[in-house]
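The lines below spell out each chain.
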Amino acid sequence: MVPGVDGFMYPNEFELQWSVLIVLYPYITGLVAGAFILASLERVFNVDAVRPTYRLALLTALAFLLVAPLPLQLHLGHPERSFEMYLTPHTSSAMAMFGFVYLWYLTVVLLLEIWLEYRVEIVEMAQSSKGIKRWIYTALTLGSFNISPAARRVDEKVGYAVTVIGIPSAFLLHGYVGFIFGSVKANPWWSTPLMPVVFLFSAMVSGIAAVMVLYAVCMKLRRTPIDMRCLDTIARYLFYTFVIDFTLEMLDLIHRTYESDESFRSLDFMVHTRLWGSHVILQIFLGTLVPLVLLAANQLWRYTEGVRKAMYMTAGGLTLVGIFAMRWNVVIGGQLFSKSFLGYTTYKMDMVSREGLIPAILLMLLPFAIFLVLVKLLPPWQGGKAHEA
Amino acid sequence: MDISRRDIFKVGGKLLVLASVGATLEQITGAEPASDAYRMADHWWGMIVDIDKCIGCGNCVRACSQENKVPQGYFRTWVERYQVEEGKPPHVESPQGAIDGFPPLTRTDLKSFFVPKLCNHCVDSPCVQVCPVGATFVSPDGVVLVDQNYCLGCRYCVQACPYGCRYLHPETQTVDKCTLCYHRITKGLTTACCESCPTGARLLVDFKNPKDPVHEILRTHKVQVLKPYMATGAKVYYENLDGEVR
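These protein sequence lines are chains A and B, in that order. Reminder that position 57 of the first sequence reads as 57 in the numbering used here, one-by-one numbering, no gaps. Reminder that position 107 of the second sequence reads as 107 in the numbering used here, one-by-one numbering, no gaps.
Hint data in this document are derived by calculation from the structure and do not stem from the laboratory. Glycine included, every Cβ here is placed at the ideal spot set by N, Cα and C. Treat the hints with caution; some may be incorrect.
Which residues of chain B face chain A? A few of them, derived with a C-beta cut under 7 Å, are [said to hold, decoys possible]:
| no. | residue |
| --- | --- |
| 1 | Q72 |
| 2 | F75 |
| 3 | V92 |
| 4 | S94 |
| 5 | G134 |
| 6 | C154 |
| 7 | Y156 |
| 8 | Q159 |
| 9 | P162 |
| 10 | R246 |
Computed list of chain A residues with no C-beta within reach of chain B, every gap over 10 Å [unchecked claim]:
| no. | residue |
| --- | --- |
| 11 | N46 |
| 12 | P69 |
| 13 | P79 |
| 14 | M85 |
| 15 | V123 |
| 16 | V197 |
| 17 | F285 |
| 18 | G306 |
| 19 | K309 |
| 20 | V321 |
| 21 | L342 |
| 22 | I358 |
| 23 | I361 |
Okay, the calculated bits of chain B under chain A, using three or more residues with CB under 8 Å as the criterion [what the hints assert, rightly or not]:
| no. | stretch |
| --- | --- |
| 24 | 77 to 90 |
| 25 | 138 to 152 |
| 26 | 165 to 174 |
Please construct the entire structure, taking both the sequences and the accompanying hints into account.
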């Protein structure tokens, strides 16, 4: 008997190949895509109410995007060879495209949009500040000091175009991550054409929830009143997106149950045993149904400001936990059962090893550290002067 | 750059000396020289496994492990023992890949048989498809191999293999698997597992060799591949395969 193993596993299946770091990868990219889509609501769809979070959402997306490749790098057996994915990508591999999708999103979409949004303030800071700050802001101008009304109009037009390109790019970024899992035909827990769509909507849910919570926390820390119109609007969009996401996930579940193919008994047993806590309790009940009820109640009844804030924060926090549980259940859950459908193994997470709990926690904290630096460098509080011009 | 005739002779002379030393070393160690006559385009390798002939002795697992220095706890090949009771899921076991064989059966009234497993060297390998850098590939003679100097160790191929044939080598941190003893078969030898099998349950076959017994077996015997619905183009064929085998 092998400890932690029930039934029969192929002998090379006992240990899991993809660890908690691979759980972080779709979680982080999802936050990026979701935060960006929230930002685009204001820019492209003219949802004026969410303007206070526009810049915050962009900086959140950037902070998380900068960290996104790190869990992958840490996970690789030979991280020094990862650059080969750029030099000799294997065109039939879904994973080979990651570097290109990532670079496209980072440079063409996010950095460009943030630069255009902040250009006026960067130039003003470069001209008014002294010492090292002056150097930093001068470097950030990229040599462009023209902030005349005509130049601002060009910025606005280009910024709009970048956001328009950015929306399908955000869809691509996370839909693609879903495809990496959904296209593995050997694994019935992953293999479904719904996977990219489910990933996409869950990404939007997590990104919107993250910006909502981050906005409220930032306002609290700055002792600035929360714009309740903004918070109500974000919560409404979170609710709409969540309904679609939950519908898709339930569709997948119902489809699997109704079809009951060869793998069903094995997967069903897994959900009722090893994944019960993380799937049924955390993901479906606490992470989806409770936030949905809280958000739905706000669409039906009017509560006081204090109650609304508490409900939104509870819903947002639980949503973030629920989406993390969803990523966990996909990545880890997909490796707990044998491809023989005759046995189950256990995930033993280390604490301090390269793929252990401590590196995972540090990687999850890193985006917040980057976010603090970004907020210091590019304060998001003034609210889009550039496209007001 | 000018290259004189003298330089050419110097380099050529060194090469000749090196080649002769190589030949001598091969004679000393007894290793078979790489066959000059081996042309990859002339071969298309696979295997036939006859379930009814396998006695579960584990010789093949031990031979493979020694021949290929397989790390302990990982398997390029293994043997499973099935015990099938009517109306129930089969009871399957493979203690340590059956490297030491199997303990005696506790029940003798059940249908029982052994199933040797190895990489199926698929034509449309899902593992090859997903490798982000092309480190795993199908050789021109039909063997799925991994370039250890190129593999990133991302393990996407391990996830993509429906048969559980791949693992991350704990020392090299690259993915490892059955090579069909490529270092042997290109010298005209058979694989370690086939050579060590006392009953001839495993047979290395060359689909491009018109005289190979594989053609007679495929023409006259009932054969099946594992998980045919995966459509991987597996080239390891099983004779007398029970429907319970996964």
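Status of each hint after checking the structure:
1. Q72: With a minimum Cβ separation of about 12 Å from chain A (threshold 7 Å), the hint on Q72/B is violated.
2. F75: Because about 5 Å separates F75/B from the closest Cβ in chain A, which is inside the 7 Å limit, the hint holds.
3. V92: Status holds, d = 4 Å.
4. S94: Because about 6 Å separates S94/B from the closest Cβ in chain A, which is inside the 7 Å limit, the hint holds.
5. G134: Since chain A brings a Cβ to about 4 Å from G134/B, closer than 7 Å, the hint holds.
6. C154: 6 Å, holds
7. Y156: 5 Å, holds
8. Q159: 6 Å, holds
9. P162: Holds, because the Cβ-Cβ distance from P162/B to chain A comes to roughly 4 Å (cut-off 7 Å).
10. R246: 4 Å, holds
11. N46: Check passes; 40 Å lies beyond 10 Å.
12. P69: Per Cβ check, P69/A is outside 10 Å of chain B; nearest 12 Å; holds.
13. P79: 8 Å, violated
14. M85: 5 Å, violated
15. V123: 41 Å, holds
16. V197: At about 21 Å from chain B, V197/A clears the 10 Å cut-off, so the statement holds.
17. F285: 29 Å, holds
18. G306: G306/A clear of chain B: closest Cβ-Cβ about 48 Å, beyond 10 Å.
19. K309: Since the minimum Cβ distance to chain B is about 43 Å, K309/A lies beyond 10 Å and the statement holds.
20. V321: It holds; V321/A is separated from chain B by about 26 Å at its closest Cβ, greater than 10 Å.
21. L342: Given that some Cβ of chain B is not farther than 10 Å from that of L342/A, nearest at about 6 Å, it is violated.
22. I358: Non-interface label stands for I358/A: nearest chain B Cβ at 21 Å, farther than 10 Å.
23. I361: With a cut-off of 10 Å, I361/A remains clear of chain B, as the shortest Cβ separation is near 23 Å.
24. 77 to 90: holds (count 4)
25. 138 to 152: Result for this restraint: holds, n = 3.
26. 165 to 174: Result for this restraint: holds, n = 7.
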